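Let the hints inform the model, and build the full structure from the sequences given.
For the protein sequence lines, the chains are H and B, in the order given.
Residue 235 in the working numbering sits at position 235 of the first sequence, with consecutive numbering throughout.
Residue 346 in the working numbering sits at position 346 of the second sequence, with consecutive numbering throughout.
What the hints contain is simulated information worked out from the structure, not anything from laboratory work.
There may be inaccurate statements among the hints.
[Claimed, not checked] Once the Cα atoms are required to be at most 25 Å apart in a straight line, the calculated PhoX-like pairs of lysine-lysine come out as: (1) B:Lys189 / H:Lys7; (2) B:Lys330 / H:Lys287; (3) H:Lys285 / B:Lys282; (4) H:Lys287 / B:Lys277; (5) B:Lys330 / H:Lys14; (6) B:Lys190 / H:Lys342; (7) B:Lys282 / H:Lys287; (8) H:Lys87 / H:Lys311; (9) B:Lys189 / B:Lys282; (10) B:Lys277 / H:Lys7; (11) H:Lys288 / B:Lys277; (12) H:Lys82 / H:Lys148; (13) B:Lys282 / H:Lys283.
Values in this document were obtained by computation on a predicted structure and should not be read as measured data.
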Amino acid sequence: MSCFISKYADELVKNAAYIGTPGKGILAADESTGTIGKRLSSINVENVEENRRALRELLFTAPGALQYLSGVILFEETLYQKTASGKPFVDLLNEGGVLPGIKVDKGTIELNGTNGETFTQGLDGLAQRCQKYYEAGARFAKWRAVLKISPNEPTELAIQENATGLAMYAAICQQCGLVPIVEPEILVDGPHDIKKCADVTERVLAACYKALNDHHVMLEGTLLKPNMVTPGSDSPKVAPEIIAEYTVRALQRTVPPAVPAIVFLSGGQSEEEATLNLNAMNKLKTKKPWSLSFSFGRALQQSTLKAWAGKEENLKKAQDALLVRCKANSEATLGTYRGDAKLGEGAAESLHVKDYKY
Amino acid sequence: MSAFVGKNADMDLTTKHIVFSMNVNPSFANASLFSRGADQERQSNRQALRELLFTSPNALPFLSGVILFEETLYQKTSDGNPFVEVLQENNVIPGIKVDKGTVEIAGTNGETTTQGFDSLGARCQKYYKAGARFGKWRAVLKIGLNEPSELSIQQNALGLARYAIICQENGLVPIVEPEVLADGPHDIKKCAAVTETVLAAVYKALNDHHVILEGTLLKPNMVSPGSDSPKVSPQVIAEYTVAALRRTVPPAVPGIVFLSGGQSEEEATLNLDAMNKLDLLKPWTLSFSFGRALQQSTLKTWAGKKENIAKAQEAFLLRCKANSDATIGKYSGGSDGGLASESLFVKGYKY
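Structural data, given as structure tokens:
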């Protein structure tokens with residue numbers, strides 16, 4: 001084949017397929033130290049390791065939640081952390097049937113000569129790091145590429161650079177036993193309409209799959225984490241059914257069937273919006289040879305965070321809030337969500353932050 | 001969308017839908033067989049052959065389309081019915097070959113690019129008026145130690161994309177045909193690798209040129225060992241072929257209609273059948289666009305003689321039905337009389 005069959009091939013295929021199990025999805029809990037700091041400060045919690053650990057313990061021990069998850073993406077620090085009673089998070093997740101994943105990129109930096117476009121760093125020593133993470137129990141990885149829409153963006157340069165970066169990262173991951181999640185996020189910022197977003201998304205995804213083929217990546221052992229196709233943040237909203245149609249059509253035009261699952265990012269959508277949109281996609285009667293699921297960060301944790309507010313006595317309330325969102329999103333992957341999840345405080349709140357940086 | 005929405009976009013989509021009715025598949029009947037000269041007698045032979053095929057009793061229901069050469073588009077039956085009308089009356093969509101053959105790419109080891117862009121838009125309009133609703137353009141690549149080269153892949157992908165968008169602008173559904181020749185001693189894995197690389201380049205080019213995939217068809221080679229390599233079973237061909245397509249062809253493409261290359265009639269049918277029996281997710285229909293593999297035994301049976309017409313038409317019906325069964329994975333073999341098992345491989349085949 002034109003793809004490289006690593007010694008981990010069977011495992012990669014099995015794990016990628018597992019992550020796409022209908023009824024399950026991914027909790028993106030891989031906020032870097034800086035980013036999680038912003039979340040914690042929004043609830044007046046100090047950004048120290050113990051608090052970061054406590055938050056993740058809250059999430060991973062939420063009763064009943066893990067059954068709705070097939071994977072959790074972790075930041076490096078978290079991969080080596082334990083519960084208060086000494087159980088490694090990795091073991092906790094494995095026991096719950098949840099694959100541990102690891103964020104492996106090192107953030108974005110600007111592309112010279114462009115209007116604020118970026119590429120993603122992290123290739124140096126990536127293979128060694130991936131081997132280390134595999135030994136620590138990680139079985140999938142994540143790398144976020146970022147593009148933006150404006151009159152002259154994204155440029156061909158930004159598209160090529162980001163597609164190439166994703167492809168190189170993906171090839172290295174597969175050599176080391178990690179299923180690469182390929183994430184080409186097109187930011188929602190801007191006054192553009194949904195057609196423009198669709199146009200850009202299709203161009204970007206086509207470039208990504210060409211690059212993956214060029215770099216001999218085995219698609220059966222990858223996942224895609226794209227943005228949903230929506231109007232820009234400064235543009236009037238549209239119904240979930242419209243978002244579903246444009247999104248699924250964009251994917252039909254660009255994502256080969258060998259990709260087992262597509263796990264959407266939530267961008268700046270509120271918890272409820274993200275769930276309703278995912279649900280609408282799964283209700284759509286059209287060709288979808290990949291499962292459509294979630295890889296949500298903010299859209300799974302927002303109301304949980306608010307309920308917790310950093311206080312021990314709020315633990316149960318916070319964990320209940322997480323369970324509500326996990327169950328709702330699980331139903332959305334089956335197209336059976338009835339929009340009746342008990343909305344926690346903030347569940348309907350937009351999580352859009354202009355020009356969001358992780 | 002990034003796809004160009006021409007004034008005939010709706011027509012494209014309607015045509016696509018028709019071409020993919022259940023059990024009904026495009027056929028291939030173009031000029032290859034009589035490509036020497038255009039004198040009167042030969043022209044009437046060409047007309048007679050096509051009339052034989054298009055008036056074969058009960059054969060047309062198994063076809064959704066027929067690809068014609070320009071001359072044929074304007075020909076009639078001996079009692080004056082335009083071929084185009086004969087086809088249309090039987091719900092078979094007329095298609096038209098629009099390329100003008102291949103020429104060598106200078107500096108390569110015999111690799112080629114396909115001609116036909118001059119006035120292509122105007123020609124498509126003309127063909128549309130004459131009743132054609134889909135087009136065909138054949139790009140050719142070969143496998144060798146250093147082939148296909150990046151230049152050849154890029155050139156041919158680009159050519160297919162330009163042709164496709166021009167077709168769509170003029171109401172014709174483009175069949176996109178990137179044929180990787182079977183010639184050579186390479187194994188099936190090599191063919192798979194090359195086919196995947198070529199298809200990936202083709203779909204990138206189609207995206208670059210704003211082609212609406214929902215209004216196209218793909219006509220690829222099956223993935224098989226080279227002609228100088230030991231044969232493998234239909235099951236193996238099916239597995240490698242479908243894997244290659246799953247890795248490269250977006251679900252928006254409604255149908256894949258295989259070329260038969262040098263395969264015998266029976267081989268081609270068995271391989272297609274094996275693909276449709278495969279228990280694997282295939283979001284496009286898998287069908288046939290056969291020339292030699294539908295006409296070979298018919299031609300030999302006819303031998304140009306009027307008295308053989310009925311028998312020849314029976315032979316044609318047999319292949320049409322066999323391939324129709326193959327598109328739903330229901331072919332049970334047994335139509336492989338001597339002629340049907342004859343290899344049709346010709347080294348360095350030129351249309």
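Tested hints:
1. B:Lys189 / H:Lys7: At roughly 18 Å apart (the allowed maximum being 25 Å), Lys7 of chain H and Lys189 of chain B satisfy the hint.
2. B:Lys330 / H:Lys287: 23 Å, holds
3. H:Lys285 / B:Lys282: 16 Å, holds
4. H:Lys287 / B:Lys277: Cα-Cα ~19 Å, so holds.
5. B:Lys330 / H:Lys14: With Cα atoms ~31 Å apart, Lys330 of chain B and Lys14 of chain H exceed 25 Å; violated.
6. B:Lys190 / H:Lys342: 56 Å, violated
7. B:Lys282 / H:Lys287: 10 Å, holds
8. H:Lys87 / H:Lys311: 22 Å, holds
9. B:Lys189 / B:Lys282: It holds: about 21 Å lies between the C-alpha atoms, which stays within 25 Å.
10. B:Lys277 / H:Lys7: Outside the cut-off at roughly 30 Å; violated.
11. H:Lys288 / B:Lys277: Holds, at about 20 Å.
12. H:Lys82 / H:Lys148: 38 Å, violated
13. B:Lys282 / H:Lys283: The hint holds at about 20 Å.
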